[in-house]
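S.K.: Chains as they are written, first to last, in numbering that gives the first Met the number 0: chain A, 0 to 274; chain B, 0 to 274.
Hints should not be assumed to be uniformly reliable.
No distinction is drawn between identical chains; accordingly, a pair holds when it is met within one copy or between any pair of copies.
Claimed, not checked - Lysine to any residue pairs mimicking SDA-like chemistry, simulated, CA-CA at most 20 Å apart:
(1) 273 x 118
(2) 273 x 213
(3) 273 x 144
(4) 273 x 121
(5) 273 x 113
(6) 273 x 71
(7) 273 x 124
(8) 273 x 70
(9) 273 x 35
(10) 273 x 116
Think of the hints as simulated: they come from the structure by calculation, not from any bench.
Number of protein chains: 2
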Amino acid sequence: MTETLTALHPLDDAIRLEPTGPGAYRGATSPAYWNMAGPFGGTTAAVLMKAVLDHPERRGRPVAQTVNFCAAIAEGAFDVTVRLVRDGRSTQHWQVEMLQGGVVVTTASTVTGPDRETWNHAPGAPPSVPRAEQTPVLDTSGRAGWRGRYEFRYERGAPIPGAASAETPQPALSHNWIRDEPARPLDYVSLAAICDTFVVKILQVRGDIPPVATVSLSTYFMADEAALARQGARPVLGVSDARVFRHGFNDQSAEIWSDDGHLLAVSHQVVWFKS
Amino acid sequence: MTETLTALHPLDDAIRLEPTGPGAYRGATSPAYWNMAGPFGGTTAAVLMKAVLDHPERRGRPVAQTVNFCAAIAEGAFDVTVRLVRDGRSTQHWQVEMLQGGVVVTTASTVTGPDRETWNHAPGAPPSVPRAEQTPVLDTSGRAGWRGRYEFRYERGAPIPGAASAETPQPALSHNWIRDEPARPLDYVSLAAICDTFVVKILQVRGDIPPVATVSLSTYFMADEAALARQGARPVLGVSDARVFRHGFNDQSAEIWSDDGHLLAVSHQVVWFKS
Numbered sequence: 000m001t002e003t004l005t006a007l008h009p010l011d012d013a014i015r016l017e018p019t020g021p022g023a024y025r026g027a028t029s030p031a032y033w034n035m036a037g038p039f040g041g042t043t044a045a046v047l048m049k050a051v052l053d054h055p056e057r058r059g060r061p062v063a064q065t066v067n068f069c070a071a072i073a074e075g076a077f078d079v080t081v082r083l084v085r086d087g088r089s090t091q092h093w094q095v096e097m098l099q100g101g102v103v104v105t106t107a108s109t110v111t112g113p114d115r116e117t118w119n120h121a122p123g124a125p126p127s128v129p130r131a132e133q134t135p136v137l138d139t140s141g142r143a144g145w146r147g148r149y150e151f152r153y154e155r156g157a158p159i160p161g162a163a164s165a166e167t168p169q170p171a172l173s174h175n176w177i178r179d180e181p182a183r184p185l186d187y188v189s190l191a192a193i194c195d196t197f198v199v200k201i202l203q204v205r206g207d208i209p210p211v212a213t214v215s216l217s218t219y220f221m222a223d224e225a226a227l228a229r230q231g232a233r234p235v236l237g238v239s240d241a242r243v244f245r246h247g248f249n250d251q252s253a254e255i256w257s258d259d260g261h262l263l264a265v266s267h268q269v270v271w272f273k274s
Numbered sequence: 000m001t002e003t004l005t006a007l008h009p010l011d012d013a014i015r016l017e018p019t020g021p022g023a024y025r026g027a028t029s030p031a032y033w034n035m036a037g038p039f040g041g042t043t044a045a046v047l048m049k050a051v052l053d054h055p056e057r058r059g060r061p062v063a064q065t066v067n068f069c070a071a072i073a074e075g076a077f078d079v080t081v082r083l084v085r086d087g088r089s090t091q092h093w094q095v096e097m098l099q100g101g102v103v104v105t106t107a108s109t110v111t112g113p114d115r116e117t118w119n120h121a122p123g124a125p126p127s128v129p130r131a132e133q134t135p136v137l138d139t140s141g142r143a144g145w146r147g148r149y150e151f152r153y154e155r156g157a158p159i160p161g162a163a164s165a166e167t168p169q170p171a172l173s174h175n176w177i178r179d180e181p182a183r184p185l186d187y188v189s190l191a192a193i194c195d196t197f198v199v200k201i202l203q204v205r206g207d208i209p210p211v212a213t214v215s216l217s218t219y220f221m222a223d224e225a226a227l228a229r230q231g232a233r234p235v236l237g238v239s240d241a242r243v244f245r246h247g248f249n250d251q252s253a254e255i256w257s258d259d260g261h262l263l264a265v266s267h268q269v270v271w272f273k274s
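Just chain A, with the same shape it has in the complex (with noise of 0.2 Å):
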């Protein structure tokens, strides 16, 4: 008898959730994903969204999700709590909870919904860029934790250094083709997790990085089950801007478009930086 071991992707490593009770599971960080000083955000909303799908009560697919990043998250285990706040036939509200050490580190509230067919009337449009294959992967090559663990091919607001400065802000727009890497095919974590992955919008426009994470991030996904398989495993592509950087916070956008161009998920943050 021959076995083949198959290694678990590091998203899928990275958001394994050992069930401890009803709605209660047991998950660690992933040092393939560690950020600066903690786990990557977006690694954080795909483990509290794998939390509601894994319910057992849970129907429909995601609709919503807004995480709010509490406390800084240490390396090591922490705990999930899934409550089901209201049962709707249309919709399902649920509150999400990681803990480290009995302390809220992060909150989460998601919404699920089953999908429908309905009218069908999609008014925003992609960029026009060139497609993946035509565009330059960005060079990670030594770049420690999440960013390896995504291929990034820019087309406009590359964080190149020395580009941008106080003094010479450059745009915040960027335009990129994004996949996991290694490549995974899409879902509702791993979709989740890229819309959190564009960088630092303070380092795009003046070039720098000072103390700076994420309060609040907000997803919706607009995409059913289908057009996540449609999309595979193929790069998606991210637009993402900034409008206001001002007392301590800036705001950022993003939309995560198929390579056939429908928009898979739409996603807001506001993000905390020291000066």
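For chain A, the structure is supplied; the task is to place chain B on it using the hints.
M.R.: Chain B in isolation, oriented as in the chain A frame:
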């Protein structure tokens, strides 16, 4: 001795909360802000914002608010509970619930933070539109409930009967001046409500209103107290758009600009529609 009777503004009446315990309040829906099948969602957002602002441990101003509309809110009394989830150095994280008869009908997460002067950079700009006083007021006479509690002046995207149909969908973009009616100095509570005053996008685009409800609403407050004070009771400029209507949901984005061109808030919501 004479007494001056100062009538409460209808919004201040609608958001009135009586403390009933630590982090617990009681309020009631307001006929003045009634919508088709429940209270106007903006008033609900305002009530939940007020509950946080009234909390004795609250420091700083609102930075972010996400409101999840879980269930229909009936006419009458409601209870609001506010929990300080995390009291951090740079932000406070709050969890809020609105209940009727012990059932959670709405949840909200709110982030507050102290005002700080930092790098200030605003690449975003408002659209070039005529000033409010040069833009005609939308006739809302005969409109019941909340629509009469705002003054709308549309430069683009006004809801004109017969202008749109499923065969000839119209753009989702709107530019309109808006203020409380009667006029009321802008604060975070009224700003939270104003972010939800945009006409149902499906009406603007398709010309009819199916059963429709906001599922989740997230607003980021980019203005400090001083910016709100400068704006006073004059109309603010709202820019709103939608990118996709699909599988029973659509996105909706909004920017709220001061009349001197500062971004006061950015807001997003995902809306359920029946067909």
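S.K.: Against this structure, judge whether each hint is valid.
M.R.: Verification of the supplied hints:
1. 273 x 118: Classified as between: cross-chain Cα gap 9 Å, same-chain 45 Å, threshold 20 Å.
2. 273 x 213: within (12 Å within a copy, 34 Å between copies)
3. 273 x 144: neither (23 Å within a copy, 43 Å between copies)
4. 273 x 121: Between copies only: 17 Å across chains, 38 Å inside a chain, cut-off 20 Å.
5. 273 x 113: Classified as between: cross-chain Cα gap 12 Å, same-chain 41 Å, threshold 20 Å.
6. 273 x 71: Close inside one copy (15 Å), not across copies (41 Å); limit 20 Å.
7. 273 x 124: neither (35 Å within a copy, 24 Å between copies)
8. 273 x 70: For residue 273 and residue 70, the Cα distance is within 20 Å only inside one copy (15 Å; across copies 39 Å).
9. 273 x 35: within (15 Å within a copy, 44 Å between copies)
10. 273 x 116: between (46 Å within a copy, 10 Å between copies)
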